[in-house]
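Colleague: Read off the chains here:
2 protein chains.
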Amino acid sequence: MAASRKRNVNPDLAKERSKATFDVEELTYALYLGKEMTERKRYLEDLAINDPFIKGCKPWAFCSREEQYEMALKKHIYIAKRIKELGLTTDWDQFFYTEAMACHENSPIGLHSSMFLPTLRKQGSEEQKKKFLPLAENMTIIGTYAQTELGHGTFIRGLETTATYDPKSQEFILHSPTLTSMKYWPGNLGKTVNFCIIMAQLYTKGQCHGIHTFLLPLRDLETHKSLPGVELGDIGPKFGYGTNDNGYLRLSNVRIPLDHMLMRYSKVLKDGTYVKPPNTRLSYGSMTLIRAIIVGDSSRGLSQACTIALRYSAVRRQTEISPGGPEAQIIDYQTQQHKLFPLLATAYALHFTGQNVYMIYMQVTSQIEEGNLDQIGELHALSAGLKAFSTWECTKGIEVCRMACGGHGYSHASGLPKIYVDLTPGCTYEGENTVMMLQTARYLMKCYAKVESGEKLPGFVSYLNTDLSAKSCLTADVTLDCLLQAYEHRATRMVHVAAKNMNRRVMVEGQSQQQAWNNTSQQLVWASRAHCHTYVVRTFVDMVTSGVYDNQVQEVLTSLCKLYAVHGIVEYLGEFIQDGYFSTKQVDIVTDKLWSLMQEIRPNAVALVDAFDYPDAVLDSCLGRYDGNVYQALYEYAKSSPLNQKDVLDTYEKYVKPMRGDNFSSAELLKISKL
Amino acid sequence: MAASRKRNVNPDLAKERSKATFDVEELTYALYLGKEMTERKRYLEDLAINDPFIKGCKPWAFCSREEQYEMALKKHIYIAKRIKELGLTTDWDQFFYTEAMACHENSPIGLHSSMFLPTLRKQGSEEQKKKFLPLAENMTIIGTYAQTELGHGTFIRGLETTATYDPKSQEFILHSPTLTSMKYWPGNLGKTVNFCIIMAQLYTKGQCHGIHTFLLPLRDLETHKSLPGVELGDIGPKFGYGTNDNGYLRLSNVRIPLDHMLMRYSKVLKDGTYVKPPNTRLSYGSMTLIRAIIVGDSSRGLSQACTIALRYSAVRRQTEISPGGPEAQIIDYQTQQHKLFPLLATAYALHFTGQNVYMIYMQVTSQIEEGNLDQIGELHALSAGLKAFSTWECTKGIEVCRMACGGHGYSHASGLPKIYVDLTPGCTYEGENTVMMLQTARYLMKCYAKVESGEKLPGFVSYLNTDLSAKSCLTADVTLDCLLQAYEHRATRMVHVAAKNMNRRVMVEGQSQQQAWNNTSQQLVWASRAHCHTYVVRTFVDMVTSGVYDNQVQEVLTSLCKLYAVHGIVEYLGEFIQDGYFSTKQVDIVTDKLWSLMQEIRPNAVALVDAFDYPDAVLDSCLGRYDGNVYQALYEYAKSSPLNQKDVLDTYEKYVKPMRGDNFSSAELLKISKL
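If you read the protein sequences in the order shown, they are chains X and R. Mapped onto the working numbering, the consecutive letters of the first sequence carry residue numbers 1 to 675. Mapped onto the working numbering, the consecutive letters of the second sequence carry residue numbers 1 to 675.
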């Protein structure tokens with residue numbers, strides 16, 4: 001345990017920890033890929049937490065938006081410098097170091113390393129890389145990735161910015177032809193970067209060749225002034241992301257040289273001849289990776305919220321359960337357990353799913369390098385759907401955690417609003433969730449067609465061959481196997497129903513394919529959700545039955561996995577039972593199992609969040625502290641509020657006093673107030 | 001129409017309006033209690049919107065927390081002054097005037113008139129009112145209501161602040177005996193008020209007599225300095241409510257005279273003798289009223305969010321439905337309709353329910369004045385449950401609206417985050433929602449016991465006598481009557497199931513009543529939710545079948561009411577079908593009806609939000625503007641961001657420049673950037 005975790009602990013929390021039936025350390029190792037990696041993580045976290053630079057920073061919640069930007073800029077520049085000095089080269093090292101330094105304080109220079117540099121490396125020609133990479137790597141050039149426009153988000157083909165080649169001068173003319181074509185939302189664009197990679201419709205010889213990427217200078221590298229023809233700025237305050245200068249950009253016929261189009265795949269020759277890329281599917285890669293990573297991010301956000309809410313629920317006492325008895329820990333109320341324990345199970349489920357999808361991404365990528373593109377479609381469908389599924393679950397879950405903390409959850413002192421506003425954009429960015437679910441549905445419809453034609457599907461989707469006339473095998477012992485089968489049955493049924501409805505609309509009602517698709521789309525979304533849900537349950541079941549854990553850890557994870565599955569059935573009961581798959585008795589068994597599983601989890605609830613091993617600095621929460629001294633922390637938080645710098649604010653003399661009745665003399669006033 | 005609503009309208013929106021099948025004006029009158037009241041509302045809104053004072057205020061989203069407080073203080077003092085000058089005495093007038101002036105900008109002096117004055121009037125003795133009311137009415141005394149403590153919220157009996165009577169000096173000693181006993185959260189407490197009404201445990205002659213209310217001076221009436229023994233301040237930044245100085249207050253043996261206990265009901269005599277109040281149930285009143293009002297507030301928040309999301313959905317175009325076709329209005333996507341139309345129906349349902357509960361409150365109150373207390377219990381149960389039901393629906397719904405606006409919904413330009421953070425505390429304040437649902441459940445369990453003993457229940461709960469063996473009468477025409485019966489069946493079944501489970505735990509498993517209650521509490525919450533849901537459906541059905549609307553209005557409201565009921569069945573399908581109440585075929589009928597109702601609503605969607613008649617100033621949203629010119633508005637919003645006051649921020653020279661590589665001469669840098 002890191003030193004920062006050892007302190008005088010609230011006795012209620014200490015007691016919770018002593019009741020755990022498993023070794024928390026073992027589970028932490030299981031979550032963070034072993035002892036060595038866990039210790040590395042803690043070493044990096046301690047380095048960050050004890051850095052005097054960070055200790056001197058004004059707390060995020062006390063900053064104005066302008067200060068939030070400045071603080072984050074300062075912090076992230078410092079982090080970048082330290083990462084270099086410390087020689088932190090792996091994703092693992094950089095992630096945990098940065099998280100502990102600036103958790104949920106989005107970087108104003110982050111797009112440079114996460115999008116600008118990788119795109120330059122992947123899509124730049126050898127000459128371009130030689131010319132621009134050194135400048136970008138030492139941050140002479142600081143860049144971002146400008147895709148989204150005022151009028152277009154997820155639908156990339158609809159982007160309106162134009163890049164028109166002028167063979168006379170051998171330049172591209174970058175232009176925003178309409179109001180809606182201005183770039184809007186790219187991170188770091190408003191004030192920080194001096195370059196961007198911009199997506200624009202390529203026109204040459206009078207023909208449009210679709211979206212291509214260009215290197216575009218935005219600001220003078222010396223003075224940082226915006227260049228002629230470049231109108232740009234910050235897009236203003238948002239729900240969160242105050243630290244980030246998401247920007248707008250309007251271009252008036254800005255000329256860039258021929259070699260500023262990224263030309264590894266597509267090319268434009270000097271005379272304006274367009275040369276197609278060899279394979280368009282290769283660009284799937286980075287999008288898929290980001291979506292896979294978002295699954296893990298969602299788990300992380302949700303497990304942080306669970307850590308805060310569950311520790312607080314163990315410390316908070318409210319109302320006696322029996323009259324005259326002591327006030328109960330709120331974690332002992334069934335309704336509180338029902339709010340939080342399924343979310344805890346979800347956080348674990350998504351953690352394992354995130355690791356699983358990342359691993360599959362790596363496998364498929366190495367297959368691609370060997371020229372095997374077979375699995376690209378499946379991976380794409382999987383990552384799209386799981387991105388949507390996990391961000392929705394996470395977003396919903398964080399708010400449940402917040403409200404489960406009562407009024408205090410609403411204060412920034414809880415840390416929960418900050419987690420929420422940082423995570424909820426995941427439902428929208430990198431592909432709007434509903435659109436993502438429909439992409440997965442498109443893949444499922446293809447699978448269904450194969451099933452209908454008698455084909456046996458390979459891999460995970462093979463469950464779609466399930467015989468729908470079978471009934472549930474579930475009995476009082478509620479096995480993982482019967483639970484998983486229920487999920488497979490439900491998803492198969494929903495895929496079939498959606499497909500049949502769509503076919504009916506085309507064949508019987510005479511609708512076009514597109515109309516039928518749209519008129520079935522909500523059922524398609526539901527089918528995708530059921531499919532993703534099944535994948536998550538399957539992954540969780542696979543993990544707990546893998547035999548890699550010690551007995552105690554396996555036992556508690558099995559309870560958690562069952563809780564995840566059982567709760568999902570109760571939550572979406574209609575989808576499971578409308579064809580009579582479960583008998584009424586089986587429904588009762590599942591519902592009763594929900595209550596008994598919650599009791600099973602109860603003694604381990606705090607230990608299960610402890611296992612995520614978040615340092616207090618990451619949670620940044622008065623309620624989620626490891627030591628459970630929440631009330632003292634809330635009091636300190638309140639006292640430090642910037643509004644309290646003076647007992648009497650200037651606003652008193654300016655506004656309050658003049659409005660008050662003056663029917664009384666000062667002497668009389670004095671008498672009343674001094675009572 | 002107000003002048004501010006007539007402008008060049010986006011052609012997509014103009015077309016939507018021309019397609020409406022009903023007269024929007026008629027529906028507006030129906031929502032706002034007739035033509036005269038509607039016109040009054042508009043007159044007040046226009047007065048507010050055109051006031052030069054408001055036009056000069058810095059926008060809320062651009063203010064720091066400290067500025068938000070100051071702006072709101074200034075604004076609300078001005079509003080109070082204008083309300084006096086304009087002679088606005090009715091709740092109606094004050095509400096609409098204030099809403100248009102400072103929508104969702106919570107007042108730093110609001111608790112004075114909403115809680116301090118009414119409590120003084122209701123609970124003060126005649127002498128106390130004579131002494132303190134004039135001072136409070138002319139705002140020499142500005143007060144708040146200090147109930148919630150750091151350690152106790154909804155559980156009022158658990159409050160720890162003490163008021164100990166000292167007969168020698170004839171004073172009460174107000175004290176915070178523990179850390180957790182400090183007041184925490186009361187609005188306006190931190191910096192603005194100089195008095196409060198404080199809830200404390202009364203001790204006299206060595207005995208505790210429970211919670212009583214006291215008048216407590218906090219600050220010097222002249223200098224506004226906090227008084228000796230009074231430690232207080234702002235509790236710091238929160239998710240929202242930045243304009244409000246929710247405060248903390250820690251008391252060290254502060255003495256107040258005997259006449260500072262509010263003595264209309266309970267009394268303490270000079271010698272310390274305690275005199276009980278005649279009837280404890282009388283204090284239910286104001287809590288019940290506030291909860292009834294919250295139902296209406298929830299409807300208002302949700303209908304604002306729907307107005308923004310639906311107008312934007314009519315203007316936003318994204319992706320073609322058929323390849324090569326024009327990009328579709330996103331309101332034409334079934335998935336978008338499925339997100340928003342049921343919420344629109346919910347906003348209407350809650351609007352009517354809010355009016356209904358308020359009316360019942362008024363009836364019951366006048367019965368109470370006549371000494372008839374029969375309906376207090378039912379009203380209390382109803383208002384508690386509906387408060388929870390409506391705030392949960394509203395909170396969930398606003399976020400769905402926000403995310404249905406894609407990325408732009410996340411910007412404060414959309415107005416949606418502001419509505420959300422202002423409304424979501426409603427789930428917690430004035431009684432935490434889960435606790436509220438359980439209070440309703442307690443009433444339902446009493447009703448169930450009566451049903452079991454063969455009693456016929458009167459009034460709304462009479463449906464609990466429903467014969468559970470009956471099956472649904474639903475056929476292809478999906479009548480309101482069959483829908484309502486389905487809700488009654490489901491709620492009755494769930495009340496029965498919860499009661500039976502609880503009895504089983506006591507009788508068979510030998511649990512105490514309290515244990516059994518706790519172990520059944522989640523099912524009790526579900527039963528209460530089903531009960532409240534039924535009440536809302538019933539109210540909506542009663543309204544649309546009341547015969548007070550013209551044919552076209554009645555037709556569209558009937559579609560909306562059916563959509564509300566049908567969507568609820570699909571959403572909670574498991575609860576409706578687990579006992580076989582619906583056949584598989586009926587489930588298909590209901591599901592298909594959902595899609596056809598959405599198509600029925602489609603042409604009227606924009607007109608239905610127009611009918612809520614929100615001026616743009618109330619929505620404060622680039623996306624929800626009446627004229628639909630959203631992109632120009634977003635661009636203006638971005639340009640006005642405080643970060644854009646300078647092209648090059650000082651942070652460039654301070655942080656960005658020093659970190660950049662210096663391998664290049666200025667001349668070389670210049671060359672690159674000027675490309």
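Calculated from the structure, these hints are not laboratory results. Be aware that a few hints might be false.
Derived DSBU-like pairs: lysine-lysine, alpha-carbon spacing no greater than 30 Å straight-line [said to hold, decoys possible]:
1. X/K35 / X/K74
2. R/K74 / R/K639
3. R/K654 / X/K654
4. R/K339 / X/K500
5. R/K339 / X/K446
6. R/K639 / X/K657
7. R/K339 / X/K639
8. X/K81 / R/K131
Colleague: It remains to establish, for every hint, whether it holds in the given structure.
Modeller: Hint check:
1. X/K35 / X/K74: violated (33 Å)
2. R/K74 / R/K639: Holds: R/K74 and R/K639 sit about 26 Å apart, inside 30 Å.
3. R/K654 / X/K654: Roughly 36 Å separates the two Cα atoms, so the pair is violated.
4. R/K339 / X/K500: Measuring from Cα to Cα gives roughly 23 Å; hence the hint holds.
5. R/K339 / X/K446: holds (26 Å)
6. R/K639 / X/K657: violated (37 Å)
7. R/K339 / X/K639: Violated - the C-alpha atoms of X/K639 and R/K339 are around 43 Å apart, more than 30 Å.
8. X/K81 / R/K131: Not OK: X/K81 and R/K131 at ~67 Å, beyond 30 Å, violated.
Checked against the numbered hints given earlier, the structure breaks hints 1, 3, 6, 7, 8 and satisfies all the rest.
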